[in-house]
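Here's the letter readout for the chains.
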Amino acid sequence: MEFGLSEEQGLLRESVDRFLDDHADLDRVRKYADDPHDRGDDIWSGLAELGVPAVLVPETHGGIGLTALDAAVVAESLGAHAAPAPYLSTAVLAVAALRLAGDEAQQGAYLPRIADGSLRIGAAVSELSGARQGAAVEARDDGTLHGKALFVLDPDADAFLVADGTRRFHLVQADAGGVETTLLPQVDRTRRIAELALSGAPSEPLRGSGDPDVALQVIDLGRVIVAADTLGAAQEMLDQAVAYAKQREQFNRVIASFQAVKHLCAEMAAEIEPARALLWYAAHALDEVPDEARLMACHAKAHLAEVGQFVGKTATIVHGGMGFTDLLGLHYWFKRMGFNRQVLGGPERVREEAARVQGLA
Amino acid sequence: MEFGLSEEQGLLRESVDRFLDDHADLDRVRKYADDPHDRGDDIWSGLAELGVPAVLVPETHGGIGLTALDAAVVAESLGAHAAPAPYLSTAVLAVAALRLAGDEAQQGAYLPRIADGSLRIGAAVSELSGARQGAAVEARDDGTLHGKALFVLDPDADAFLVADGTRRFHLVQADAGGVETTLLPQVDRTRRIAELALSGAPSEPLRGSGDPDVALQVIDLGRVIVAADTLGAAQEMLDQAVAYAKQREQFNRVIASFQAVKHLCAEMAAEIEPARALLWYAAHALDEVPDEARLMACHAKAHLAEVGQFVGKTATIVHGGMGFTDLLGLHYWFKRMGFNRQVLGGPERVREEAARVQGLA
Amino acid sequence: MDLSYGPQYDAFRQEVRDFIATHRDQAPRGQGIRSEPVKRWQKLLIEHGYAARTIPVEYGGHGGEPDILKARIIGEEFAAAQVPGGLGGQGVSMLVPTLLELGTEEQKREFIPPTLAGDMVWCQGYSEPGAGSDLASLRTSAVLDGDEWVINGSKIWTSTAHLADWIFCLVRTEPDAKKHQGISFLLFRMDTPGIEIRPLVDMTMASNFNEVFFTDVRVPKDQIVGQRGEGWYVANAILGHERDSLGDPNASLARVNRLVELMKTETVDGQRAIDNPAFRDRLIKIQARVTALRMNDMRILSSRINGRGDTGLARLITKLQATELRHDLEGLGIDIMGEFGLMFGKGPHLRDQGSWQNHYMYFLGLIIGGGTSQIQKNIISERGLGMPREPKAVVPAGS
Amino acid sequence: MDLSYGPQYDAFRQEVRDFIATHRDQAPRGQGIRSEPVKRWQKLLIEHGYAARTIPVEYGGHGGEPDILKARIIGEEFAAAQVPGGLGGQGVSMLVPTLLELGTEEQKREFIPPTLAGDMVWCQGYSEPGAGSDLASLRTSAVLDGDEWVINGSKIWTSTAHLADWIFCLVRTEPDAKKHQGISFLLFRMDTPGIEIRPLVDMTMASNFNEVFFTDVRVPKDQIVGQRGEGWYVANAILGHERDSLGDPNASLARVNRLVELMKTETVDGQRAIDNPAFRDRLIKIQARVTALRMNDMRILSSRINGRGDTGLARLITKLQATELRHDLEGLGIDIMGEFGLMFGKGPHLRDQGSWQNHYMYFLGLIIGGGTSQIQKNIISERGLGMPREPKAVVPAGS
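Chains as they are written, first to last, in the numbering used here: chain X, 8 to 368; chain U, 8 to 368; chain P, 3 to 401; chain R, 3 to 401.
Worth flagging that the hints you see were computed from the coordinates, not collected in a lab.
As the structure is a prediction and not an experimental result, all values here were calculated from the model.
Where a beta carbon is used, it is the ideal one built from N, C-alpha and C, also for glycine.
Where hints are given, some of them may not hold.
Pulled a few chain U residues facing chain P out of the computed Cβ check, cut under 7 angstroms [stated by the list, open to error]:
{"hint": "1", "residue": "Thr189"}
{"hint": "2", "residue": "Ala267"}
{"hint": "3", "residue": "Lys269"}
{"hint": "4", "residue": "Glu280"}
{"hint": "5", "residue": "Val364"}
{"hint": "6", "residue": "Gly366"}
{"hint": "7", "residue": "Leu367"}
Take the sequences, apply the hints, and build the full model.
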């Protein structure tokens, strides 16, 4: 019996951490945030060398075929570094959709290129977890897509995974006719989202996605990965708060010696530790405990959203005025968790789904 | 302009406080709690001498005709002393029902006896703010009542105010045929509630209660009074916690010097102060701002329930193990606020009503 | 309880309304603080007693009697009509009252009239990077050299430094005195050689604040308010004013009302946010808290008018509660919009100019600024509840 | 991640199930701790290794190898079958491990066998009315007089004092030594002259605890564990065990499931509580927290089995989180019942024997007991996050 990360998972985390420490430090993150033309290609190709985009790609398609928990471990590291990378869209959502709904040819065509980092796929799936007025994509019999998708992850990708109004997936090339993206400036500048207008864009359906449960499984996985990103970011904010409190002096003492500051840090730790165990279990359940998978994905998503909000606020307060400025860049993590809270469903709606999954609503 | 208590209201509060300090101290409260035959007559007759049951009774009927805010001031004092008294049922709900729905003869018959303390009226009105399966009272054309009322306040009264299933009020003598009360033991031993079984009990309808808004107005007032009771109890628990912290020593210091203890007390004060202003305004609005009265009554009831829960827990924690024992009797206030939280509607349901009042639900 | 302001005030309110109706065309519209329309408007308001109301005529004010209710009515009516009131800023709101109380006659005559007229703009130099909540541990020094103070050090959170003509500044002049007793309150021009201003970007990505660096800045000796070493007391004479201005409950009310409107239009999967009971429950909870703080504010106002001293605690808790409440309220606004709540900066789908995100962060800043919630709780427990200060720590020798 | 216990443990689990199925008729049903059925059951469990599993045979135990998973399986299966497990109580759970670690050979032989057999019942004398969280400041004194300790003072929170034969007790024997170094760990009979027991009523109106008063209680000199002045370290050798046992996550899970059932039957105005979205939202929030703590517990268990030291923080936060969570969970149970949630004591309409109110208060007691949440946060920040202890206060001379 082993509840926790395996040695290999520990090494995976370390290798991603080490790379991001060196190549996606705060200066690099700031540069990405400030330059709309920066796609973070250096980061993604470096991560590709470590196998990050290949984590969920089966070995038969050039991947390393690891588990959802491995994918969550990577997400924790990305969150901890507030790293810009098309991980959620390309390595998680697109790979999951292709594995579950792509035919052999599609898998053969796309998965190896995802795995080696050469193909980035944005994800237009927001309507699956909550559709807005005016946003819906219709797939016509001639294979063209029409309509609008909101909150498309990684709009500077090479292609898009698009969910239509019947919960079927399609792949669209970014440079195809009838495809137009409009950047949606938002608070978390470590990720980009856009609106995608499709006017007769030629597309390739993933034919296995007729089963409506396929789309839900993709969302389940996505939610766990988003929650893992928050877990990493929250732990990083706590670590920064503790480190800051140990060196910052006020009233002739380091502020870490004030009971009020200590208790704020203790409360953050007390929230994060069980949330970590929940997240790991939710990731594990996706592969190994199908009966609980959806409920655990909902719990992980909603609970980490609340923990992230609490830690984001509290860690900022421990930093005092310095936490409010851009100087230490603490707000990059704060906003990243704010983003994670809303994408793929805010906590109230996800909790309602958790009730439905159990037949309680 | 004057937002706050008038000098007269301050004196009223003082006089009730002084009487209860002397005649309803913790020993007296314990005696009431332990002896089911103790009706607290000494307390009620003493309060009657101060005019407490007469507060809302018009002068034309032997009362002093004060405002809902005056009634709330008295309730604060009762809550602060965790005092057993049929105040909510007799002096508030019954008086309000008689004033709003009783005819001249009924008012003349009952109000003077309420005012002088000689008549205690229990209140069987719980179904107005939330009916349970099996609990409902039906009024027949022959003037008899049939059915069951739950959570009847002050079951050892001389008569009962009963709300039927059409929201009309009736008066029933306690010693009439077909009236049976069964005590419902519950956590707050400073108040008694019972189940009232009515099998053809002769009754006297309050004919003015055909207007369904009358019943709601009585509940509005009741909610504000219950919230005022919680306000008084919460302030008392904070005061006790601060006093205890100032004398209790741990680690060679009074615990009031620990930042964690100070902050718990500060948080209680920070919740109580605005809640007091809200409560006073809600009471004022009942008489003077009819447009806002119902919404404010809902806000006061639900908000004070939450504040009371927070203060009850926190003040107990400040007392440490001593708070958990019966030695200081702190739990009498804790449980009183627990009772107040549920009667006349728990916070979730009252908030939903606040939304409905505004057309939002 | 009597919530009417009384007939004489109803008449006054009508006067203000009439004034606004007659003159609103002359009100400035977004022009800068030094612009002619702004200065003309300020002059008009002072003449009518709607700005600088209680400041003596000889210092450029209106010379009216203090009247808290009239002041409140003026504020309410200008806000309701969405017409700018009199000049604010740290010069008018902080320096002028300080000088009135503790300045010399010369200082009053020199500084108050141009400040009120909008010709002299001030910034405040209190906070320092190293000091934070422990304001009195400031290290910016001023050493007397002949007839001049020579200032070295730096300040932070100086919100209008880049616009200001002058600064009122706390500096350490008596390095050997105890912490609070070595500070002096100096006034000097921001174009004095040796001053460097660097904008400070905050988490909203705006530069609402600055850092200001002083290198051998030379200031005439007599530009001091109060005596040497009294600066801490000079500054604190009016510091309470600032706290009151954070988290205005009427602004919170307006915000709740806006939130309700938003909840009626924002939908997810065809469901309006207002029809989602979990959101509705959060809304009503917040609405009750906003109402409670509004009433708390009314109580404080009333207590001031009636010269009562019974709202000490009610005042002490205001900053803590109001800033936390606003942060929560703005956070609910984001949540009910879901991903639309993330939108920030110029772009499509922005609701209310992105103000929900902006305020959510800004009020987190206010929870921290002007005494963090932790400091507020110390103050509430010590001044409000009479609990003892923390015992002095044993400081190892040499530190 | 591998959540199976492995095939050898599956076999062991089957063994335990078979044992229970075969012997469950012999299990005691509500008899007192000294009754024959209880003692016979304990004897049977020890023989089969389901109680006193790892305690050497010569001290009356089963003499098995330590195996955390087997211990867990035993606990799980007995709980699932609702059959009583081995004897608990402070003698078995606290004194026996202490003696095994620090007792003399004579003490082990004298005290462990009858304790395990249920013939010798213990209570614990640690807490004092004046000490509270500051346990080491205890004042009950023991003075050596010839061959006997003479004990004076009092203890509080001694949960089984009225049932116990013996007490293990912390007393101050070296009044001049530093606080933690003047304490000794004594064992003595509860029928020694000079001992008075007073039941302590708590907020649930039950007497789960007692106060114990000592007046010139004389105890043989050699009834001490460890050396004079070492009592603090003796007591702390196993104090960690107690903390772990509070707020069992599997009990919380059972409670959530019960709450769901209750929400399906309780109605107000014809609406089931489960159909009230505000209640449902609170339920799911709590369900997620319960799940998180269950998984945290699994992680700790796994870390122990695999000999890892990576769950220090996860352990430190358990008591704080589990007790707060249970208090919240029980409070939700009350709220969904409304007035029915108030029912307490013998009477009609009582749901689940009034356990929601009872637990709501009892877990508030556990938030306080065994180190209040404030003490827990100190520990988490100091031991878990490496933050400094509070600086020593300047204590005025003479105190």
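**Prompt:** Do the numbers back the hint for Glu280 of chain U, that is, is its least Cβ distance to chain P under 7 angstroms?
**Reply:** Hint holds; Glu280 of chain U Cβ to chain P Cβ min 5 angstroms, cut 7 angstroms.
**Asked** Hey, does the Lys269 of chain U contact hint survive, CB to chain P under 7 angstroms?
**Response** 4 angstroms, holds
**Asked** Given Ala267 of chain U as an interface hint, is the shortest Cβ-Cβ distance to chain P below 7 angstroms?
**Response** 10 angstroms, violated
**Request:** With chain P as the partner, please determine if Thr189 of chain U meets the hint condition of a C-beta pair closer than 7 angstroms.
**Result:** 35 angstroms, violated
**Request:** Would you check whether Gly366 of chain U satisfies its interface hint, that is, whether its CB is within less than 7 angstroms of any CB in chain P?
**Result:** 10 angstroms, violated
**Item:** Interface hint for Val364 of chain U, Cβ within 7 angstroms of any Cβ on chain P
**Value:** 10 angstroms, violated
**Asked** Is the shortest C-beta separation between Leu367 of chain U and chain P less than 7 angstroms?
**Response** 6 angstroms, holds
Hints 1, 2, 5 and 6 from the list above are not met by this structure, while the remaining hints are.
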